[in-house]
Amino acid sequence: MTATTATIGCSSQSKYPSGDLAIWVFILAELLVFGIFFAVYAFARMNNVELFNEFQQHLDLNAALINTWALITSSYFVVRAVAAIKEGNSQLCVRWLLAAIAMGAVFLVVKSGEYAHHFGQGINLSTNSFYMFYLSLTFFHFMHVIMGMVILAAVAIKAHQGGYSASDNTGVHTGASYWHMVDLVWLILFPLVYVMR
Amino acid sequence: MSEAFTKSMARNIFYGGAFFFLLLFLALTFDTINALPKLDNRAALESPVGPQIAKGKHLWEVNNCIGCHTLLGEGAYFAPELGNVYKRYGSNLDAVKGRIKGLISLPAEGIPMRRMPRFKFTDEEIAALAEFLKYASEINTSGWPPNDQG
Amino acid sequence: MQYQSQKVAIPYFVGAIVLFVAQILFGLIMGLQYVMGDFLFPEIPFNVARMVHTNALIVWLLMGFMGAAYYLVPEEAETELHSPFLAKLMFWVFFAAAGLTVAGYLLVPYSTLADITGNELLPTMGREFLEQPTITKIGIVVVALAFLYNLGMTILRGRKTAINLVLMIGLVGLAVLFLFSFYNPTNLVLDKFFWWWVVHLWVEGVWELILGSILAFVLIKVTGVDREIIEKWLYIIIAMAFISGIIGTGHHFFWIGTPEYWQWWGSIFSALEPIPFFMMTIFAFSMVKQRRRNHPNRVATLWALGASVMAFLGAGVWGFMHTLSPVNYYTHGSQLTAAHGHMAFYGAYVMIVLTIISYAMPLLRGRTAANSERQQTLEIWSFWLMTIAMTLITLFLTAAGILQVWLQRVLDSPLPFMAAQDQLTVFYWMREFAGVMFLIGLLLYIASFFVGDKEPEASVKTIA
Amino acid sequence: MFMYGKHILGIRACTWVYFFLLVLSFITYLVGQLGLGGLEVSLLVLFFALMKGHLVGLYFMGLVRVKGFWHWPVSIWLIIPGVLISIAFYLAN
Chain E
1 MTATTATIGC SSQSKYPSGD LAIWVFILAE LLVFGIFFAV YAFARMNNVE LFNEFQQHLD
61 LNAALINTWA LITSSYFVVR AVAAIKEGNS QLCVRWLLAA IAMGAVFLVV KSGEYAHHFG
121 QGINLSTNSF YMFYLSLTFF HFMHVIMGMV ILAAVAIKAH QGGYSASDNT GVHTGASYWH
181 MVDLVWLILF PLVYVMR
Chain R
1001 MSEAFTKSMA RNIFYGGAFF FLLLFLALTF DTINALPKLD NRAALESPVG PQIAKGKHLW
1061 EVNNCIGCHT LLGEGAYFAP ELGNVYKRYG SNLDAVKGRI KGLISLPAEG IPMRRMPRFK
1121 FTDEEIAALA EFLKYASEIN TSGWPPNDQG
Chain W
2001 MQYQSQKVAI PYFVGAIVLF VAQILFGLIM GLQYVMGDFL FPEIPFNVAR MVHTNALIVW
2061 LLMGFMGAAY YLVPEEAETE LHSPFLAKLM FWVFFAAAGL TVAGYLLVPY STLADITGNE
2121 LLPTMGREFL EQPTITKIGI VVVALAFLYN LGMTILRGRK TAINLVLMIG LVGLAVLFLF
2181 SFYNPTNLVL DKFFWWWVVH LWVEGVWELI LGSILAFVLI KVTGVDREII EKWLYIIIAM
2241 AFISGIIGTG HHFFWIGTPE YWQWWGSIFS ALEPIPFFMM TIFAFSMVKQ RRRNHPNRVA
2301 TLWALGASVM AFLGAGVWGF MHTLSPVNYY THGSQLTAAH GHMAFYGAYV MIVLTIISYA
2361 MPLLRGRTAA NSERQQTLEI WSFWLMTIAM TLITLFLTAA GILQVWLQRV LDSPLPFMAA
2421 QDQLTVFYWM REFAGVMFLI GLLLYIASFF VGDKEPEASV KTIA
Chain X
3001 MFMYGKHILG IRACTWVYFF LLVLSFITYL VGQLGLGGLE VSLLVLFFAL MKGHLVGLYF
3061 MGLVRVKGFW HWPVSIWLII PGVLISIAFY LAN
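Protein chains in written order, with this note's numbering: chain E, 1 to 197; chain R, 1001 to 1150; chain W, 2001 to 2464; chain X, 3001 to 3093.
Hints in this document: simulated from the structure, not taken from any laboratory.
Be careful, since some hints might not be right.
[Claimed, not checked] Short derived list, chain E residues pointing at chain X, Cβ under 7 angstroms: (1) Leu28; (2) His141; (3) His144; (4) Val195; (5) Met196.
These numbers were taken from a predicted model, which means no experiment stands behind them.
Built from N, CA and C at the ideal position, the CB exists for glycine as well.
Based on the provided sequences and hints, a complete structural model is requested.
Here it is as structure tokens:
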């Protein structure tokens, strides 16, 4: 761990979060949507506690744990990628980013397996309100994972071409912030939909 | 520190966001199209009265009924909702036909209230319209309207 | 005005205002029919008046958008329009088609019009807002294609600014989505589902791009604020419009035979739809506050600010009021919908077209920057008269709507539709008076083009 | 656990956060696997989730060193849905 003294973003305190402020406006909008969705889930559950509790048991907790770990790990890799570019090490940054994308891919594969299982049983959005919320929330998040991977890939390509440096790396921070948001949302989604009863 | 907020990032968010939500919308549309057969009363369309319903819808359109009435809550708000008119008249086709016939044969003058144009429908056409309205009333509208008055 | 070919915008603006007048006159007829049921019966039944009212609105807004595009695209692209002749020709095609269609609505029964125009071959008529005969629809497509070609060639040749690109995306989207108006299956649910792809994805989707780009253009001109800043705002606002508005279509899929999950998706996303409008208000006011110069055309600035506020109130607040599915269950298809529709269209689209006309017309008519002091004063009066009148119309319809919902949908023994309507008469009368006030405002607006026309231009000094 | 200091924003802090997140997720998983339910357990799990979110915001997103307005959005975002979810679960039980 040569990077123990490396800092994330700028070393001094700042008025703005790292990355392009535009992405932060977007992140807030996305968080708002997810926040509303979560609250709506909880209140819809209130009227159907038994239904929600029953069908929650049909979800695959093992898959959810793997996915949670995958996203956390991926987020951590992105932190390393940011630290690498702060030291001007583009190629190390690219490797961390690729690792992060790979963890995202793990998430997609596992989640697709879950979907295949549900769809195989003929479950869809109209099956009942639990599955409506489960599928809506997780699919909406699923698409965000894909989107986040596309963004990370774009950042990785640019980093590979030497587009970032120790002093000019806003783009990396921007992609990283978005990816952490995807992780953050899942961290709430996981207990809410899979565990809390 | 407005440089922190770049135009190119704002542009990328617009393109990315638009594409993303368009895809999501298409996915939901796809699911909706698959779910519709259970909801949209297409059994009626495929039944022997299907052609009559189609004719009724056509008449509904070429006489611009939507210009005064609502149908499943959409249209003009000048005259009653007709999506559930079949149920309002006791789920009785003859009652619906009689009502249409009565309204279009009111005298031209001397009725100082909202009134229906004097459409010249044949009995056959009135029957088609009634079948169309019956079909519409049997679509699964998630419990709307709140009561029979529409 | 920097390019000769921008002048092709003039007929579009004039045509728009002519149709605007027709729209308001027929609106007044309908308003009267609400309280005097047999007024003009059987010559102009309500459904015919309504068709003219709504179709004239749509067509004049489209004309206004086209005029705006012909004005601002060359200036943004810094080049002459590809083909001014094509633009002029298309104006007359469009105007003639609109005139013929309205004449058809008024002169023959609608079903006869359907016969004459061959609706049998491709039935598309008789659906709300898409009542135009199929051949008129095809005409609209042709005009739109020629229009897009003309603008596209201009932009390709010239400077590509964010405003131009956003405007083009909006206009192309408008044309593409209109194609769904040709899809009219017997299955009522499918019919309605895709009908909203035209109607909703226009007014709460691509039209917001057009609105945003016109607003951004005028704000650059009247405030002198740096283009970078304004275009940044533009992108973020339209991004929010799409993020909320595309899935927000779901708020129309609550009760038309579509799956129930739309009640959740539609409610959640359309609850976010006020955000872009709110941002637009903040945007307009902060740009004017940061202005680098005082533009002598103060009335254009007033329209721009007014549009941002009224769009937020009409589309944002009044839309949000009944967009959540548990509320909409009671309010769907009531006078509340009409209240929202009136203020949203006025605030978002009528006012933005009047903004660009107000900014561009003095220049097109040979002024260097603005109309005379007297003209502007008159126009400011018309601004307030129309805006206050529309606010009153909205409030009266809201009151009527709430009472209607109560009587007809909430009461334990609900009243039939017509019985409930009888209870609303007083609100309908007040709405009609507000409508007359609106007409007076509109006449003053038109007068502002002629009264004081010969006087010298207003200058910044006389304002300060 | 993570004091303000020279290394607060360093990779080492983030690594610790990372391990901590893994452990908390595993606890959440165990709660689910054991089929534990009820208001107290649910709220505890929710509390873990909010804490995890908070750590991601502060350390991974780096908001810990941001002062002023932008320090707060993620925390506030966690608190508001968190409170709403708690209320809903409280009322449901």
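Hint by hint, here is what the structure shows:
1. Leu28: Since the shortest Cβ distance to chain X is 6 angstroms, the answer is holds.
2. His141: Since chain X brings no Cβ nearer than about 14 angstroms to histidine 141/E, farther than 7 angstroms, the hint is violated.
3. His144: 15 angstroms, violated
4. Val195: Holds, because the Cβ-Cβ distance from valine 195/E to chain X comes to roughly 4 angstroms (cut-off 7 angstroms).
5. Met196: Constraint on methionine 196/E satisfied, holds at 4 angstroms.
Hint check: violations occur at hints 2, 3; the rest are consistent with the structure.
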